[in-house]
Structure formats: C-alpha cells, structure tokens
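Trainee: Letter by letter, the sequence shown follows residues 2 to 419 in this note's numbering.
Do not rely on the hints blindly, as some may be mistaken.
Said to hold, decoys possible - With beta-carbon atoms standing in for the labels, derived distance ranges:
no., residue 1, residue 2, range
1, Gly393, Glu200, 15 to 21 Å
2, Gly393, Glu369, 32 to 38 Å
3, Arg320, Gly358, 27 to 33 Å
4, Pro259, Gly358, 24 to 30 Å
5, Leu127, Glu383, 56 to 62 Å
6, Gly239, Val263, 25 to 31 Å
7, Gly114, Gly264, 43 to 49 Å
8, Glu383, Gly358, 18 to 24 Å
9, Ala51, Leu215, 32 to 38 Å
By construction, these hints were calculated from the structure, which means they are not laboratory data.
All of these numbers come straight from a predicted model, not from anything done at the bench.
Backbone N, C-alpha and C define an ideal beta-carbon position, used for all residues, glycine too.
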Amino acid sequence: MNTITLTPTEARRLAVSAQCLAGPRPEAGKAGIHELLRQINCLQIDPIRAVERTQLLVLWSRMGSFDPSWLDELQRERVIIEGDAHRASYVLTEDYPLFRRWIGSLFERTGAGMERTRDWMEANELLRAAIVERLGEEGPLTPTVFDDLEAVPWFPSRWFSGKPAAMMMAILSWQGVVMCVGRKGNQRLWHLRDAWLPEWAGQPLPPEEEVVGLTCQRSLKALGVASRRQISRHFIRGKYPNLAQRLAELTAEGSVLPAQIVGEEGPWEGEWYIHRDTVPLLESIRDGDWAPRTVFLSPFDNLICDRERTEQFFDFYYRIEIYVPKAKREYGYYVLPLLHGDRFIGRMDSQIERKTGIYRIHALYAEEGARVDARTGAAAAESLVELARFIGAKRVELGEKIPAAWRDALEKEVSQGL
C-alpha cells in the first residue's frame with residue numbers, strides 16, 4: 002500500500018479544513034450545527050463567559066453569528082446530548098452508542114477513592130431511590146428539588162463541594178442511569194436516560210473492537226492527518242483500547258491509509274495516518290482550492306485542544322492561564338488565538354462587561370515571525386468586530402498593547418460602530 006506524503010503546510014491546511022475553519026462557512030442554522038457536529042464530533046462545554054461560552058465560540062468561529070438558542074432547541078429535540086468526549090461536551094444523539102460502551106467503566110476501577118464512592122452510595126440508598134422515582138414521575142428536574150432530603154454529605158474535595166443530591170446525579174450519570182438533558186439558568190436538568198433517549202439507544206452494545214474502530218475513524222477524519230497518539234487524544238479521549246491493532250486492521254482493509262509528513266529536516270517521527278474519505282480534500286488543497294479565513298478561536302477549540310499537536314503542527318505554544326495568578330500570567334485570563342489561514346499570527350486578551358456592553362481588548366499580541374501589516378490588521382479587525390456583535394457588545398475599547406501596524410485597522414473598523 003502506497004504511503005501518502007504531505008508537506009507540513011499541506012498537513013496544517015488539511016487539519017484546518019477538516020475542522021471547517023477554511024472554505025465556505027457551514028449554514029448558520031440548526032441543520033448547519035447538526036452537519037458541523039458530524040464533522041468535528043463534539044463541542045466542549047464550559048461556563049466561563051469572559052468573552053462567551055466556549056461551545057458558542059467554537060460554532061461562531063466556523064459559521065459566524067447565529068442564534069445561541071439553537072443549541073438548547075437541538076438538545077430539547079434530542080438531536081444532541083451531553084457526553085464525555087475529550088471533556089464534557091455536546092455530541093450527537095446518533096453517536097450515543099459510541100459513548101455508551103464506556104459508561105459505567107469508572108466503577109470498574111479499584112482503589113481507595115472508588116471504595117469510598119461505593120460506601121457513600123450505599124449510605125445514601127434512600128436518596129438514590131428517591132431521585133430515580135421522582136425523575137420517573139416528574140423529570141426533567143434540577144438537583145435542588147432534592148436538597149430537603151436527608152443524606153450523608155459528600156467528602157469535601159477540590160473538584161466537588163456541592164450538596165449530596167448534585168453528587169448523586171453525577172454518579173448516576175456515570176452509571177448510565179440518568180443524563181443531563183438541558184439547563185435551567187446555571188443548573189443542570191436531569192432525567193432518566195431510558196426515558197429521554199430513543200428506544201434504539203438501549204439496544205445491545207456493539208463489540209468493543211467495533212466501537213473503537215468507528216471512533217478512531219471519526220477522530221482521524223476530524224484531525225485530517227494524525228499520529229496514533231493524536232487520534233487517541235481526540236473525540237472520546239483515552240477510550241481507544243488496542244488502538245494499534247485497530248489501525249492495523251483498518252489500514253489492511255483500506256479505510257485508513259499510511260501517511261508521512263516530510264519537512265525541510267526530513268520526515269516527522271512516528272507513524273501517521275489519513276482516512277480514505279479525507280484524500281479528496283487533500284487533493285483539492287493541492288489543486289489550489291484553499292480558501293483561508295482569519296478568525297479568533299476559543300481557548301478550548303477542537304483545533305487546538307491537543308496542545309502538543311498544536312505546537313508540532315503550527316509552532317504555536319498555547320496554555321490557558323485562567324488558573325494562573327494574575328501577576329504570573331504571560332498573556333492574560335482568557336486569551337483567544339488568532340488563526341490566519343494555516344498559521345496563528347496572534348492572540349487576544351479581552352473581556353466583555355455584561356452590564357455596560359463594553360468589550361475591552363486588553364491586549365492583542367502578534368506571534369513571533371507573523372506578518373504584521375495593514376492586510377492582516379484588517380482581517381483581524383473584521384473578525385474582532387464580528388465577534389463583538391455576536392457577543393452583544395455595544396462598543397469596543399482598545400487597550401495599549403496592540404502592534405502599531407494593526408492598530409490603525411482596528412481603530413478604523415471599531416469607529417464605524419457595531
């Protein structure tokens with residue numbers, strides 16, 4: 002079988018295109034979100050709104066402005082659900098069998114932590130039974146409706162300090178008994194899984210090797226070209242047992258093709274793969290059908306969620322500094338990378354004040370070696386203003402830390418109003 006050879010530029014462009022960040026934008030609508038999720042697989046969920054929630058930013062970077070309520074509607078219509086991908090994420094309901102294979106696996110672990118969890122569950126059997134019964138009668142419900150029930154408190158920890166009912170809901174979701182089906186304000190709405198999902202979701206599970214084979218192909222398609230480690234860290238992160246064997250089988254049958262990335266210093270180390278269905282996209286890129294965009298990305302965007310891959314492909318070192326003390330931050334609290342074609346040319350530290358509607362751009366940093374001129378400044382300004390409109394800003398205030406060659410374009414664009 003012939004190995005497909007790519008240059009680093011082709012590998013980057015393929016990765017960007019596979020993530021729907023180049024070429025025509027997907028349709029801005031519920032159908033467009035549905036189709037987009039079939040390609041990128043998942044939308045990480047995070048509540049931080051320094052700019053906007055990441056699940057909304059990831060969609061905006063790809064389709065432009067849209068109605069955020071569409072996500073809630075898709076969940077109510079049971080087109081999407083919440084699942085554990087590389088983090089808690091929106092995923093397609095049709096993909097539930099891929100996730101169901103691993104539900105409950107947490108409780109197969111051994112160790113003091115799991116023993117303590119089992120003991121706590123046993124001590125709170127009455128709480129568990131009450132939750133299951135009431136959800137069956139009245140669900141969906143928030144955990145707060147159960148706060149008046151007597152229960153043994155959960156053990157204080159760094160990652161959870163809430164009330165017993167909320168902890169019980171989380172554990173029951175890990176067991177596949179309940180699932181989050183929406184939100185009421187900042188609270189999750191829970192329902193019995195079997196009452197919410199279609200009947201087909203409860204059918205017998207496919208064999209593990211079949212699930213891994215399907216999942217790794219989905220991961221690879223969303224990446225464009227990838228190593229085995231990168232495949233395992235994408236989509237349903239870490240749930241790829243015997244991945245080497247699965248890839249060997251898929252390669253033998255022709256669904257997955259061997260690849261190599263060759264730069265100026267020779268081939269990149271390791272074994273690389275590309276999916277058969279992705280080859281036409283690579284060929285179109287080689288034929289010059291490459292329509293780059295300039296757009297700001299969420300810190301949790303699917304393109305950069307694997308930091309090692311991001312550094313290898315784009316020579317872009319990026320870390321989230323949300324939990325870094327302010328005095329020790331290098332760039333800022335909530336920093337958005339700026340993608341320009343197949344390169345990252347900058348990063349922006351910004352925050353919106355919800356009460357006043359002022360979108361404050363604390364700093365816009367240019368990456369070392371990036372082209373800093375009027376053309377890239379105009380492209381960055383256009384994306385910034387589009388983002389400001391999407392998040393509901395009334396005006397944009399520019400800070401001092403902006404390259405001079407970009408400032409003129411930003412000031413001109415911002416002065417025209419939102």
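Trainee: Between Gly393 and Glu200, is the Cβ distance one that fits in 15 to 21 Å?
Mentor: Once the Cβ atoms are compared, 40 Å apart, the range 15 to 21 Å for Glu200 and Gly393 is violated.
Trainee: Does the Cβ pair Arg320, Gly358 satisfy 27 to 33 Å?
Mentor: With Cβ atoms ~30 Å apart, the hint holds.
Trainee: Can you tell me whether the CB distance of Gly239 to Val263 sits inside 25 to 31 Å?
Mentor: Holds - the Cβ-Cβ distance for Gly239 and Val263, about 30 Å, lies within 25 to 31 Å.
Trainee: Quick check on a hinted range of 56 to 62 Å for Leu127 and Glu383, using CB atoms only.
Mentor: With a Cβ separation near 59 Å, Leu127 and Glu383 satisfy 56 to 62 Å, so the hint holds.
Trainee: Holds or violated: the 43 to 49 Å window for the beta-carbon distance between Gly114 and Gly264?
Mentor: holds, 44 Å
Trainee: Could you check the hint for me, namely that Glu383 and Gly358 are 18 to 24 Å apart, CB to CB?
Mentor: holds, 20 Å
Trainee: A range of 32 to 38 Å was offered for this pair. Does it hold for the Cβ distance of Ala51 and Leu215?
Mentor: holds, 36 Å
Trainee: Indicate whether the distance between the beta carbons of Gly393 and Glu369 respects the range 32 to 38 Å.
Mentor: holds, 34 Å
Trainee: Quick one: are Pro259 and Gly358 within 24 to 30 Å, going by C-beta?
Mentor: For Pro259 and Gly358 the Cβ distance comes to about 53 Å; the hint is violated.
The structure is inconsistent with the numbered hints 1 and 4, although it conforms to all the rest.
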